[in-house]
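Visitor: In order, the protein sequences belong to chains A and B.
Everything in the first sequence is counted per the numbering used here, starting at 1 for the first residue and increasing by one.
Everything in the second sequence is counted per the numbering used here, starting at 1 for the first residue and increasing by one.
Since the hints were made in silico from the structure, they are not lab data.
Bear in mind the structure is a predicted one, so any value in this text is a computation, not a measurement.
Keep in mind that a hint or two might mislead.
One copy or two, it doesn't matter: identical chains are merged, so the pair holds either way.
[To be verified] The calculated lysine to aspartate or glutamate pairs, modelled on EDC-like cross-linking and capped at a C-alpha distance of 20 Å, are:
| id | residue 1 | residue 2 |
| --- | --- | --- |
| 1 | Lys234 | Glu259 |
| 2 | Lys234 | Asp155 |
| 3 | Lys242 | Asp155 |
| 4 | Lys97 | Asp149 |
| 5 | Lys120 | Glu139 |
| 6 | Lys270 | Asp217 |
2 protein chains.
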Amino acid sequence: MNTLASYTAWIEKEIESFAFPTHPTNLYDPLRYFMTLGGKRMRPMLTLMSANLFGKSIQESMPAAMAVELFHNFSLIHDDIMDDAPLRRANQTVHEKWNTNIAILSGDVLLVYAYEQICKQPPHIIPSLLSLFNKTAIEVCEGQQMDMDFETRSDVSAEEYIEMIRLKTSVLLGCALEMGAIIGETSLENRKALYAFGEHLGIAFQIQDDLLDLYGDPEKVGKQVGGDVIANKKTLLSILAKTNASAVQLSKLNALQGELDITKKLSETKALFEDLNIQELCNNEMRKHYDFAMSSLSTVQVANSLEELHALSNYLFHREY
Amino acid sequence: MNTLASYTAWIEKEIESFAFPTHPTNLYDPLRYFMTLGGKRMRPMLTLMSANLFGKSIQESMPAAMAVELFHNFSLIHDDIMDDAPLRRANQTVHEKWNTNIAILSGDVLLVYAYEQICKQPPHIIPSLLSLFNKTAIEVCEGQQMDMDFETRSDVSAEEYIEMIRLKTSVLLGCALEMGAIIGETSLENRKALYAFGEHLGIAFQIQDDLLDLYGDPEKVGKQVGGDVIANKKTLLSILAKTNASAVQLSKLNALQGELDITKKLSETKALFEDLNIQELCNNEMRKHYDFAMSSLSTVQVANSLEELHALSNYLFHREY
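For reference, chain A alone in the conformation it holds in the complex (with noise of 0.2 Å):
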């Protein structure tokens, strides 16, 4: 069994190798800015994991590992842009460090290297690729879409929170998964076992971000507690909240989102939760989707063992709870 370090140190290594060109310069000066600020890289790595699943080498599938990896980072550099982020993984982000115009662009282009990427795989299974990777970028976009409509709504359902972070995030984690799946060249049944694990997997993982903003050990998370709270930002806490408050309790709530005594605001509204019961609800539906990942994960039909994919899930896991 490969340790996730090992992954993470073949992921980074083909990173710091990645050829961009070097003009213009106002081009690709930002994708190699972007590209090697780090990150845990899980993506990248559950498609060569998968793959080693079939008896593929880190060679074989390290080509479509960075294609997802690549298109990960191109949504970062836009969302960034679409959210006026300063900072990513503590740097400045593109169009903070450059400028807006560039941000665009160098996303553009850093999308289309991950194309170019599935072009590295042998060509009988180009088509069956490109096609899943289409699907999975559509279905990110569209999540991004429903992220930021949701911005300026009231009545978003729990049901709606979960469809877009589905889209926005877990896809990508199935199609990580699938393109291991398509060049290990198994079956139609493990391939799609393989996606929903990464599906739902990645579900349970945004959950888990919305429960640790809130309930985390703030050292390990290693941000302000509560800082989505103080933000107003809609997390399925906060859509559950409102969901099961009582008249009552939702003119509390909505008083609170608008209190600017920082402390108060974080305390009466964690009170609030705790009435509402809220970190159990979401725990619970984290738990389901978690435990679907599983159930999941354990139909694949393979030889090899599938601990290197229960590993990264125990690690992903176990980080503050």
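Assemble chain B onto chain A, guided by the hints.
Guide: Below, chain B alone, put in the same frame as chain A:
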């Protein structure tokens, strides 16, 4: 022989029947709007004509033709943001009618839909189509970045300018033609000859565009004469003028850039251009690329007649001259 009008009709019909999803509306309404604003549809026409040379039907090459047209529209939506352009084909641009974020994201998803069209071609040619399309898309982005970089430079040479227009617009014409040749499963020589035809036809066409701005019949050009001069836009005319000017002429040209009396600015710039023989120099450069394009086309080994491509070339170069 099919007429240009029948090609246009087939393409318009295909675009009208193109079924973007309905939701999210903020993602897809802009695409339905933008794709039906019209245009010459020159690029998809090139793909259809090229494939037809080798006996392929409209149906057989329409997906690749649409890939090229969708890509072109993606690049226009994003370029309009970067150029802060309010109008496109006499209608509001996407970022004006909706907003910048929606224009970024709907452009992104349109690029993916272009790739999705490639998937509709027979699997065994998808790798070749994808590889050519990626190379071209990267070059178009590089050309757009060069164009943006040129805005703040005063030392752009004619060679650099032509390389910029080659990348930004001409390679896509070459790609459109070569995709038709790939669908036609013809020789590599024919593919390369058709690519070179499109590439140089495109360069000639852009130079003609620069010329028509100042020397075209205003009624036929459909826009203000000398708009590029008034806006101090870099064109082959202004670059060659700067390059060939004496010190005295150069300082006069520079002074005219700040001239507020538009009639004076236009007439005096035009007089200087005449002294410097700019129209003829540009005509020579245009003719060089046009002739190269035609001689490249004449090397294509094909039983079918080349008259459709000749008709399109004639149409493109006898608009207002």
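Visitor: Would you mind marking each hint as holding or not holding in the structure?
Guide: Okay, the hints, checked on the actual structure:
Taking identical chains as interchangeable, the C-alpha atoms of Lys234 and Glu259 lie at most 20 Å apart only when both belong to the same chain, with a minimum of 16 Å there against 54 Å between chains. In this assembly of identical chains, the alpha carbons of Lys234 and Asp155 lie at most 20 Å apart only when taken from the same copy (11 Å versus 51 Å across copies). In the homo-oligomer, the alpha carbons of Lys242 and Asp155 lie at most 20 Å apart inside one protomer (9 Å), although the nearest pairing across protomers, at 61 Å, exceeds that limit. With identical chains, the CA atoms of Lys97 and Asp149 are at most 20 Å apart between copies only, with a shortest distance of 16 Å across copies and 27 Å within one.
Proximity of Lys120 to Glu139 under the C-alpha cut-off of 20 Å is restricted to the inter-copy arrangement: shortest distance 19 Å between copies versus 24 Å within a copy. For a Cα distance limit of 20 Å, the shortest separation of Lys270 from Asp217 inside one copy, 15 Å, qualifies, whereas the shortest one across copies, 71 Å, does not.
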